[in-house]
Amino acid sequence: MDEDRAPIFKKWSYWYVLVIAFLILCMLFFYLLTKHFS
Amino acid sequence: MSRPDWIVLALTLLGMIAYGLYKGRTSRDLEGYFLSNRSVPWYMVLLGIMGTQASAVTFLSAPGQAYTDGMRFVQYYFGLPLAMVVLCISFVPVFHRLKVFTAYEFLEQRFDLKTRAFTSFLFLVQRGLSTGISIAAPSIILSSLLGWDILWTNIFMGGLLIIYTVMGGAKAVAYTQQLQMIIIFGGMTIAGYLVIHRLPAGVGWADILHTGGKAGKLNIITTGFRGKSFDWNDKYNLISGVIGGFFLALSYFGTDQSQVGRYLTARSLTESRIGLLLNGLVKVPMQFLILLLGVMVFTFYQYNREPIFFNQAELKVLEHSKYKDSLALVTSQYEAVEKERLGVPGADAATDPDVAAGHAAAAVRAQRVVAMQKEKEGYKSTIKRWLNDVGEDSNDTNYIFLRFVTDYLPKGLVGLLIAVIFLAAWGSIAATLNSLSSCTIIDFHKRFSSRQLSVEKEYSLSRLYTLFWGVFCVAVAQLAYNIGNSLIEAVNVLGSLFYGVILGIFLVAFYRKRIGGHAVFISAVIVEIAVVILTVLSRKGIVPLSFLWFNVVGAVGVVLLSEVLQLFMKKVAEPAGE
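Those sequence lines, one after another, are chains L and A.
According to my numbering, the first sequence is numbered sequentially starting from 1.
According to my numbering, the second sequence is numbered sequentially starting from 1001.
It should be emphasised that the hints constitute simulated quantities derived from the structure, not laboratory data.
The reader is advised that the hints may include incorrect statements.
[Unchecked claim] Label pairs and their in silico Cβ distance ranges:
hint: 1; chain 1: L; residue 1: S13; chain 2: A; residue 2: D1407; range: 45 to 53 Å
hint: 2; chain 1: L; residue 1: P7; chain 2: A; residue 2: R1451; range: 19 to 27 Å
hint: 3; chain 1: A; residue 1: K1411; chain 2: L; residue 2: S38; range: 48 to 56 Å
hint: 4; chain 1: A; residue 1: R1305; chain 2: L; residue 2: K11; range: 54 to 62 Å
hint: 5; chain 1: L; residue 1: H36; chain 2: A; residue 2: E1377; range: 45 to 53 Å
As the structure is a prediction and not an experimental result, all values here were calculated from the model.
Ideal Cβ placement from N, Cα and C applies to all residues, glycine included.
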């Protein structure tokens, strides 16, 4: 469908990977903050 | 509040109403009124989704939550990005292809009328009541802290937005939410800057994190395990956040019309998807920053006098109770400790360089500060015990941030921060009123009426229903105040009572194509009763289960039971046309 082309990336699946990877990065960052400052 | 604060508050609120009326002009039909003619760009979809989810209490309570309990609340949002991905793959394309007005319309196409009506009815009951509470909760806080009359606060919190929501429908909601979110982010950023600005010279970001960390406020990641066993009653931890939060977010964004109605207004499927996925990217960091503001305020009070109780109105109640004399004694003892603590050089042991360097005198000093902190906590606990005893609200969390704002922010800015609270409420409530109205007319009035309605009649009826739900929600808010906290708590769990079951129905609709309407309807009714019983048992402490898990129980219960029931049903459902 022409109207449903993913912007920036070739496929929507790359967007999904980006969102999940960013969540994992956030969790890792929060874990390090918790560890370092506790 | 000072005169400049009143001026800023009045201008912001009136400006928002005028903006909503100006931008809300659209075609006088259901497509224009409820879907803004499907013309909204992705960034407005994003801000609409965020504005609908973030209520006034989000901005009032979250900093206080971090102040008292630490930042672990952020884990509640870990399931949200995962839910956004699932929605974009499964839910959103179907809603767009079928060009539905409400999410529940799809259920009639997939199952039958009774499943659609049942699900839409659950939504109307749950959302109507919980929106009333979302008006009452910030109104009670503002009226308590600023001494405003509760009726007028409720009317301003939930009534004024009705003007532009009735007149402009979804388009007015989308445009005002965009402006509201910009003002909210701006206001919170300025508040954060001023907290740091008011810290003593030489105290910066590293000190804030050290102070918060030493006090246990940077408990951002917690596992939920106590020893070797998992605590099912623990509200916020990594596991409940990812699993429970995922089910809650999937249900809220995929089946709650107040959210579905936002991304159905998008220009295209692509713009809906981008709005949702960007929400998945920004929500967790945004919530982290709001909670960090609470840790910043906590650090601020390590260098400044911290009130024995942030909610002054409750202290006044105690002053007129049997604890009057005891209160005076405890308060004077608390003030003496606080004065001594603030007089100790390097009062914050966590950031004292001499303590870090291992100097003996500094270590003794640090021990004394810790002892004084414990003494303070003891006095605070005593106040809470007395408040519980006289039947008053002993939860101080919601008052911490606003008390800081009113005590320490400059004139004019207090008005802006109060306006932020109102606007956060308005964005969320306006979207909900629009969705309640759309379900009432699309899923019930139009569907069950034998008379053919003209386009103009449908449009005017939609406005009337929006007005009706607005008045209903303000009335619920006023009722909630009169009845008290017990009702507020009861209605707050309403979402978790229904969300799981509603999600279960949609999961069957999307992923279990062989299951028909009868099986899913009977399963939904049985599981709903089971979840209600489970909730009662949980609140009585018989079943130790946190509310986030109710969503999992409801959703999984409907899917499994309908699978079993379908085996006994003779007629197998036709797969949904794709």
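Using the Cβ atoms, figure out if P7 of chain L sits within 19 to 27 Å of R1451 of chain A.
-> violated, 45 Å
So the hint says 45 to 53 Å: do the beta-carbon atoms of S13 of chain L and D1407 of chain A match that?
-> holds, 51 Å
Range hint 48 to 56 Å (beta carbons of K1411 of chain A and S38 of chain L) holds or violated | At roughly 39 Å between Cβ atoms, S38 of chain L and K1411 of chain A fall outside 48 to 56 Å, so the hint is violated.
Could one say that the CB atoms of R1305 of chain A and K11 of chain L fall in the range 54 to 62 Å?
-> About 57 Å separates the Cβ atoms of R1305 of chain A and K11 of chain L, which means 54 to 62 Å holds.
Whether the CB-CB distance between H36 of chain L and E1377 of chain A falls inside 45 to 53 Å | violated, 25 Å
Taken one by one, the earlier hints fail for this structure at numbers 2, 3 and 5, listed in ascending order.
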